[in-house]
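2 protein chains.
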Amino acid sequence: MAKGKEDFEVTPYEVKGAVDYNKLIERFGIREITPDLETRLAKYAGDLHFLIRRHIFFAHRELDWLLDKYEQGEHFYVYTGIAPSGSMTIGHLVPFALALWLQERFNADVYIQIPDEEKFLARKGLTLERVHELAYDDALNIAAMGFKPKKTKIFFDTEYAGVLYKQAVRVAKHITLSTVKDAFGIGDDANIGWTFYTSMQAVPSFLKSVEENKNVPCLIPLGVDQDVHFRLARDVVDKLGYYKPAIIHNKFMPSLSGIGGKMSASDPDGTIYLSDGPEEVERKVGKAFTGQQATAALQRKYGGDPDKCTVCQYYKFFFEPDDRKLEAIFEAEKNGTLLAGEHKKDLAKRINAFLRKHNERKSRARSKIESFIARG
Amino acid sequence: MAKGKEDFEVTPYEVKGAVDYNKLIERFGIREITPDLETRLAKYAGDLHFLIRRHIFFAHRELDWLLDKYEQGEHFYVYTGIAPSGSMTIGHLVPFALALWLQERFNADVYIQIPDEEKFLARKGLTLERVHELAYDDALNIAAMGFKPKKTKIFFDTEYAGVLYKQAVRVAKHITLSTVKDAFGIGDDANIGWTFYTSMQAVPSFLKSVEENKNVPCLIPLGVDQDVHFRLARDVVDKLGYYKPAIIHNKFMPSLSGIGGKMSASDPDGTIYLSDGPEEVERKVGKAFTGQQATAALQRKYGGDPDKCTVCQYYKFFFEPDDRKLEAIFEAEKNGTLLAGEHKKDLAKRINAFLRKHNERKSRARSKIESFIARG
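Note that the protein sequences, when read in sequence, are chains W and U.
Just so we're aligned: the first sequence equals residues 1 to 376 in our numbering.
Just so we're aligned: the second sequence equals residues 1 to 376 in our numbering.
Since the hints were derived computationally from the structure, they do not count as laboratory data.
Be careful, since some hints might not be right.
Pairs count within a copy or across copies, as identical chains cannot be separated in the list.
[Said to hold, decoys possible] Dumping the calculated DSSO-like pairs for lysine-lysine here, alpha-carbon to alpha-carbon at most 30 Å:
id, residue 1, residue 2
1, 308, 357
2, 362, 166
3, 301, 119
4, 150, 69
5, 166, 181
6, 181, 239
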């Protein structure tokens with residue numbers, strides 16, 4: 001990956017600087033989701049998810065191919081996942097929200113990998129036991145979103161290795177140390193588990209084809225920082241005789257501290273965790289960057305910029321699915337009628353309502369979580 | 001590993017040149033099995049296996065510590081294994097013969113790893129399916145040796161990864177790419193599965209401690225070419241809080257083509273496979289190198305050298321457990337009374353008798369093999 005010359009950097013282990021998504025498309029060799037593709041998708045789905053309408057899912061690999069296959073009667077399954085390293089954030093829910101929509105609209109099976117070894121291998125302080133606790137909590141959060149147990153398989157790598165490892169070694173045989181070192185920008189001080197891990201992440205992208213002993217198309221919604229895994233995996237999956245997975249990439253949920261980069265554990269006040277209590281949410285949103293003018297009078301006179309206002313962006317990314325309502329919020333920000341105080345109070349209320357409901361669903365998910373989890 | 005300067009090389013993937021075992025002890029930092037250690041071992045075992053008496057098991061790591069523990073009432077288990085890549089050879093049986101003896105004499109549990117991914121990852125032409133077939137055949141050969149099903153656990157890595165992988169990532173976190181590249185003499189063109197593999201081989205050396213949630217000493221009989229895996233693993237196992245495994249190392253069964261190096265797949269005529277038929281055995285032994293004089297008359301006059309005669313060595317390594325009988329064979333070779341033709345005919349007969357019995361036991365093992373195999 002080119003480094004140094006660019007003012008931002010996107011890897012699975014770090015996102016630095018203000019991400020220019022157009023440059024990223026070029027850098028990663030991915031493609032923009034065109035209006036034509038949106039039309040085709042909407043034709044089969046009945047509508048478009050707001051995450052696609054708003055270009056939060058902005059890029060893809062072979063989504064056109066996937067739709068060709070769909071037209072030919074080959075139904076796809078969906079694969080996504082999350083690497084546990086702390087409490088899940090609102091931003092983590094974005095690919096899952098799309099996966100859920102794909103399950104509803106396309107009756108798609110959804111495979112969800114929770115690699116409980118990845119961050120353990122990549123970070124010094126974490127124990128496997130701690131990561132596994134987090135993994136279980138992630139599974140509850142995901143189940144709480146409303147996936148159908150019969151159409152959804154959640155698995156932890158260390159508990160599903162009986163299935164995954166055999167396929168991972170088939171992938172690993174085709175990936176050299178040089179390739180991984182180049183792709184992830186790591187050196188010989190990396191541990192041998194970390195470098196192996198990418199082959200474990202590749203497996204669910206063709207696992208259904210292995211299980212059914214025939215090719216089944218796969219669509220992977222993911223944060224664009226994860227693309228590198230599949231830049232490697234797609235070639236290998238092809239060599240193994242399976243369909244390359246199609247991918248759609250989402251932008252990063254912005255930090256409440258300001259647009260640019262991605263919500264992250266190193267910026268806890270800019271990040272809403274699913275575990276945050278109501279006061280915590282109010283406090284964080286209260287400090288959010290809006291970019292409004294210095295005084296209420298100036299704001300009323302000059303207005304603000306919704307593209308720089310993190311509160312507006314929170315509505316856009318997650319909390320206001322209705323485009324007209326979102327437009328009204330953006331307009332009010334632009335023309336200065338919506339002042340920061342009220343703006344933030346509204347969002348905090350909205351987030352807290354979501355979290356309250358989410359946590360109720362999560363409590364209920366506890367009793368049925370085993371029907372989601374695959375072991376072996 | 002030092003290379004170039006020495007006239008031989010020993011790695012898990014290649015043995016080249018005439019191995020000097022004294023130099024190897026120094027090079028690997030292992031220790032000779034002393035008469036004192038033999039005495040201590042015999043005290044508890046009741047006797048010594050001829051493989052130890054004859055210094056075919058010639059070196060160790062912390063066998064003294066293992067016996068200390070035994071004296072303190074901490075019983076050990078045994079771990080060994082074989083990486084399937086073709087039919088098993090007589091030479092492959094050597095560590096298993098010792099493991100069996102340890103089971104009988106010390107009532108030890110025996111863990112047998114059959115890494116059905118290792119050679120798949122290390123070699124170009126092999127498919128996983130083929131290796132797995134070979135692995136199953138290896139398991140039958142091993143079970144045929146007479147291990148007790150209740151005290152013996154055989155596992156294939158791809159089928160036991162549900163247990164092994166989780167422990168392997170704990171090991172892998174402590175091993176860097178540099179360490180593995182150095183230790184195995186490989187470069188960045190190695191694949192990421194191969195470099196990960198050493199952590200899978202490490203797991204059974206502390207697995208019983210994990211299972212029992214308390215430290216259990218482990219003894220590993222193995223071909224000295226495998227030592228490098230445990231040079232890495234022992235440090236890591238210690239860091240994880242488990243006992244370092246003790247190791248005893250065996251020399252390589254010589255090739256029938258001549259002393260030096262190790263029986264190998266690239267020298268099929270120098271190697272007796274467990275799958276060889278009687279004529280095949282007669283043919284190979286008929287071509288064996290004895291180093292006898294050019295004519296019968298000269299041989300009777302000058303005699304031969306048992307240390308260079310591969311037929312003698314075959315008796316020593318496997319086919320004549322009785323020391324006095326072996327001595328008689330060696331004497332007859334030395335004083336020229338045993339001519340090559342008869343010498344070879346006797347050995348071929350002995351090998352064929354062994355293989356016939358072995359294959360009968362293997363047939364019977366088929367019906368009870370599942371009681372040996374652990375999956376998960």
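Cross-check of the supplied hints:
1. 308 to 357: Only inside one copy: residue 308 and residue 357 sit 29 Å apart there, 82 Å across copies, limit 30 Å.
2. 362 to 166: Close across copies (27 Å), not inside one copy (33 Å); limit 30 Å.
3. 301 to 119: Neither way: residue 301 and residue 119 sit 48 Å apart in one copy and 73 Å across, limit 30 Å.
4. 150 to 69: within (24 Å within a copy, 52 Å between copies)
5. 166 to 181: For residue 166 and residue 181, both the intra-copy (23 Å) and inter-copy (24 Å) Cα distances are at most 30 Å.
6. 181 to 239: Close inside one copy (21 Å) and across copies (26 Å); limit 30 Å.
Of the numbered hints stated above, the single one contradicted by the structure is hint 3.
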